[in-house]
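There are 2 protein chains.
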Amino acid sequence: MTDKQAPLFDPAFREKFDALVQWRRDVRRFRTDPVDPAHVDQLVAQACLSPSVGNCQPWRFVLVEDPAMRAAVRDNFKRSNAEALSAYAEGRAALYARLKLAGLDDAPVQLAVFADPETPYGHGLGRRSMPEMLEYSVVGAVQTLWLAARTRGLGVGWVSILDPKPMNAALDAPKPWRLIAYLCIGYPMEEHTDPELERAGWQDRVDPAAFLFRR
Amino acid sequence: MTDKQAPLFDPAFREKFDALVQWRRDVRRFRTDPVDPAHVDQLVAQACLSPSVGNCQPWRFVLVEDPAMRAAVRDNFKRSNAEALSAYAEGRAALYARLKLAGLDDAPVQLAVFADPETPYGHGLGRRSMPEMLEYSVVGAVQTLWLAARTRGLGVGWVSILDPKPMNAALDAPKPWRLIAYLCIGYPMEEHTDPELERAGWQDRVDPAAFLFRR
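Going line by line, the protein sequences match chains A and B.
So for the first sequence, this note's numbering puts the first residue at 68; every next one is plus one.
So for the second sequence, this note's numbering puts the first residue at 68; every next one is plus one.
Just so you know, these hints were derived from the structure itself, not from any lab.
The reader is advised that the hints may include incorrect statements.
[Unchecked claim] In silico DSS-like cross-links for lysine-lysine, where the CA-CA straight-line distance does not exceed 30 Å:
#1 A:Lys167 - B:Lys71
#2 A:Lys71 - B:Lys83
#3 A:Lys83 - B:Lys71
#4 B:Lys167 - A:Lys71
#5 A:Lys83 - B:Lys167
#6 A:Lys145 - A:Lys167
#7 B:Lys232 - A:Lys232
[Unchecked claim] Derived coverage of chain A by chain B (criterion: at least 3 residues anywhere in the stretch with Cβ under 8 Å from a Cβ of chain B; other residues may be distant):
#8 94-100
#9 121-134
#10 153-164
#11 184-195
#12 209-217
#13 227-240
Since the model is a prediction, treat every value here as computed from it, not as a measurement.
Glycine included, each C-beta is placed from N, C-alpha and C at the ideal position.
If we strip away everything but chain A, and leave its shape as in the complex, we get:
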């Protein structure tokens, strides 16, 4: 049984989709002009159409606008970043110190994304042998949101240099929720096809053929 006719995704669309994937970036340099709040609602709605294990919809999006909360996140980043820096040997440390790793000062929209292990949906289906599917479902939603943002000219930066433990209290999120991503969202200062870390000489991209194995 089929319902409505599926749209035809023709070669022209496919080509543009591939370009979208190619031009998606982890953005850390944002313009400070505001983002239409309707965009945020749309991005969350798009993200919620992502697959989730057992259709358990474990994603919880927290839009962080409170200045004190934002400051707490920035402090957490600064501490975590200083600790990460201290673990590198001299040459790498100097390079690390020059990297721009987050857009927390400028991004007009900040969205924390959590997984709710107590999600009341899905009756546990599909995550008995791989319970991590709960978190993975939320990650898939983040990637959908990221691409949807790019179709709207918006850049996303995923800040992972954070200690997740104090984040629930800092953002007044229920204790059982697990932080998956802290996203900076806004209009990017620059557009690139190559990752920032490649441009900065930290790590190049590798030929995809190197990642495909045949059995």
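Start from chain A and add chain B according to the hints.
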């Protein structure tokens, strides 16, 4: 500094992208006609343009064609599924037993996706405080692959009802790799906008507004 001019993602493209997200499904009913091997290479290449923490590119794709390996995966699924079934109470168990949960018998392409914790790229950046970013990067790549497949008319089903422990040996994958996803890929028998688990009465989708919180 900007490089090439970014393509304009206009409203018509955005609308079609949103439709793509809406028509993506977890497919379990596949036609058995073969998939052009070039498509698989393209999908892996697209997936490798996904974000990865520190640009560490931890994704490892194993294309499983060997019949004995496929049989081992099917047996693993059957065992894991029987165990999952036994955990449900009567009414739910009957409903669970009727669900079609994997396309392992028919899908012409089967792709195991692993994370390599020993990836030689990225110098550990961005995963000191959240080491799970390694696995999350691979999940993002799976979601990109999923959408890219749909632009090519291909369906993807993510089989998570598997015991991951014996999978490395079964697929001759290096021991340290961690199984993230086992994907069935092929042309879908049917096209739908609603998830299979919704049609089967297992779990409906919830209004996305319920998942957005403001602080």
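Here is what the structure says about each hint:
no., hint, verdict
1, A:Lys167 - B:Lys71, "holds, 22 Å"
2, A:Lys71 - B:Lys83, "holds, 15 Å"
3, A:Lys83 - B:Lys71, "holds, 15 Å"
4, B:Lys167 - A:Lys71, "holds, 22 Å"
5, A:Lys83 - B:Lys167, "violated, 34 Å"
6, A:Lys145 - A:Lys167, "holds, 12 Å"
7, B:Lys232 - A:Lys232, "holds, 29 Å"
8, 94-100, "violated (count 0)"
9, 121-134, "holds (count 12)"
10, 153-164, "holds (count 4)"
11, 184-195, "holds (count 8)"
12, 209-217, "holds (count 7)"
13, 227-240, "holds (count 8)"
In summary, the structure is inconsistent with hints 5 and 8 from the numbered list given earlier, while agreeing with the others.
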